[in-house]
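The opening residue of the sequence shown carries number 1 in my numbering; numbering runs sequentially from there.
Just so you know, the hints here were simulated from the structure itself, not pulled from any lab data. Among these hints, one or two may not hold up.
Claimed, not checked - Pairwise CB distance ranges, derived in the manner of DEER restraints:
| # | residue 1 | residue 2 | range |
| --- | --- | --- | --- |
| 1 | Met381 | Tyr47 | 35 to 43 Å |
| 2 | Lys270 | Tyr382 | 20 to 28 Å |
| 3 | Gln386 | Lys127 | 22 to 30 Å |
| 4 | Ile271 | Gly99 | 46 to 54 Å |
| 5 | Leu375 | Lys208 | 49 to 57 Å |
Stated by the list, open to error - Derived pair list, reagent style BS3-like, types lysine-lysine, alpha-carbon separation capped at 27 Å:
| # | residue 1 | residue 2 |
| --- | --- | --- |
| 6 | Lys3 | Lys275 |
| 7 | Lys203 | Lys385 |
| 8 | Lys4 | Lys128 |
| 9 | Lys275 | Lys203 |
| 10 | Lys242 | Lys228 |
| 11 | Lys4 | Lys385 |
| 12 | Lys127 | Lys388 |
| 13 | Lys203 | Lys388 |
Note that this is a predicted model, so its numbers are computed, not measured. Cβ coordinates follow ideal geometry from the N, Cα and C atoms, glycine included.
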Amino acid sequence: MDKKLKEFIIGAIIISLATVAGYLIAPIEVRFLYTLTNNSTLIGLTYAIGSILFGILSIWLGRLSDKFGRNRFIILGCLLGVIYPLLYASTYNIYQYMGVKFVWAFASVTTGPIFMAYLQDLLTHIKKQGQYIGIVFSLQSIFGAGAAFIGGYLSDKFNFIVPYVLMSVIFALATIIAFFELRYKKAPKIHENKPKGLLFGVKYILKKPALIFYLITNSAFGINWGIKGMLWPLIIFGMVGKDTITGSIFATMGVVAFLLLLFIGRLVDKIGPFKSAFVSMTILGLSGIVLGLTNNIVFFWIAAAIFAIGEAINGPMQAVLLTNHVSNSHRGEVLGLDSVFDRILNTIAPFFAGFLLNYISAQSILLIFISFFWLSIFGSMYVYKQFKISRS
């Protein structure tokens with residue numbers, strides 16, 4: 001087996017374990033927080049502090065990983081993943097939980113954007129990039145769904161603490177694998193010790209048409225991802241009056257994404273990330289129109305499944321595009337910036353949607369957000385033409 005491919009597979013195993021660990025507390029964290037305080041504002045502040053710290057550390061640690069190599073950061077992040085769930089579980093008030101968010105943010109950055117930068121570094125040396133990263137996303141999708149179910153089950157069967165402890169155990173396994181597989185690999189000095197300005201990453205992105213293309217398409221996707229969990233349940237409940245149907249529709253989308261991601265990477269490899277982006281945005285735009293107009297739950301369900309196809313294409317497309325158009329010497333910082341940008345979009349979009357709910361229906365708001373897919377097609381098409389001119 002090719003050395004880089006073997007390293008990629010090991011990396012995929014580690015990041016899949018980290019995904020499982022993270023999703024274990026997804027369904028119960030907010031309920032655990034309500035055992036620490038009845039103040040919803042403090043609970044919201046706890047999440048906000050985590051997002052702010054994540055954003056700050058993403059850029060800083062991403063830049064450091066470009067300079068000193070990613071291995072040591074990944075190992076340290078996995079090790080902190082063993083520690084912070086136990087600290088969470090042992091807190092007696094909300095302020096202690098907020099304090100642990102500092103440790104969580106460091107671990108999340110190193111096992112998130114920095115780890116993805118590590119995988120993309122390896123993908124630059126591997127053929128069939130879309131196929132392999134698609135399989136990784138597929139595994140994350142199904143393992144994450146399974147972990148969320150297990151976390152909820154363990155909480156009901158025992159108590160809130162058990163999912164946190166299991167989270168620590170799984171991170172311990174990831175740490176062991178990372179320690180022995182990454183420890184002895186000399187972390188390369190990825191770039192020279194030249195000082196970089198505060199906005200270096202932003203300027204780097206804006207100088208490359210391919211990355212501007214990514215920025216446009218990712219913005220449309222990020223905006224709609226931010227309001228999905230907010231508007232869709234309201235629309236579905238308004239049609240049938242049952243939360244079970246909402247869960248069933250989301251489960252259907254998860255299954256569709258899992259099955260497609262096993263194979264969709266081959267399409268990205270065959271037609272390239274740019275054409276894949278247009279296919280993805282078109283599918284999302286067309287199915288989104290149906291979601292915003294239909295009052296029939298069956299049509300909504302079918303459109304949601306088709307929408308999941310567009311989402312599934314989007315993941316490998318983005319990974320391959322970034323792999324091929326971001327140099328290893330700046331990948332950590334660029335992916336850190338990308339994570340910050342996603343967080344901003346995922347925060348602003350629900351806030352704006354919540355404001356609009358005072359005046360128009362949830363489906364009308366959804367149509368407004370869906371329109372960003374169509375705007376992204378026209379904007380990215382112009383940038384794509386500029387990209388082709390620059391390459392000719």
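Evaluated hints:
1. Met381 <-> Tyr47: 35 to 43 Å: holds, 37 Å
2. Lys270 <-> Tyr382: 20 to 28 Å: For tyrosine 382 against lysine 270, whose Cβ atoms are near 25 Å apart, the range 20 to 28 Å holds.
3. Gln386 <-> Lys127: 22 to 30 Å: At 28 Å between Cβs, range holds.
4. Ile271 <-> Gly99: 46 to 54 Å: Holds: the Cβ-Cβ distance is about 48 Å, inside 46 to 54 Å.
5. Leu375 <-> Lys208: 49 to 57 Å: violated, 21 Å
6. Lys3 <-> Lys275: Not satisfied, since the Cα-Cα distance of roughly 30 Å exceeds 27 Å.
7. Lys203 <-> Lys385: Roughly 21 Å separates the two Cα atoms, so the pair holds.
8. Lys4 <-> Lys128: Measuring from Cα to Cα gives roughly 13 Å; hence the hint holds.
9. Lys275 <-> Lys203: holds, 25 Å
10. Lys242 <-> Lys228: holds, 17 Å
11. Lys4 <-> Lys385: Status violated; Cα separation ~34 Å.
12. Lys127 <-> Lys388: Given that 27 Å is the threshold and the Cα spacing comes to 23 Å, the pair holds.
13. Lys203 <-> Lys388: holds, 21 Å
This entry does not satisfy hints 5, 6, 11, going by the numbered hints stated previously.
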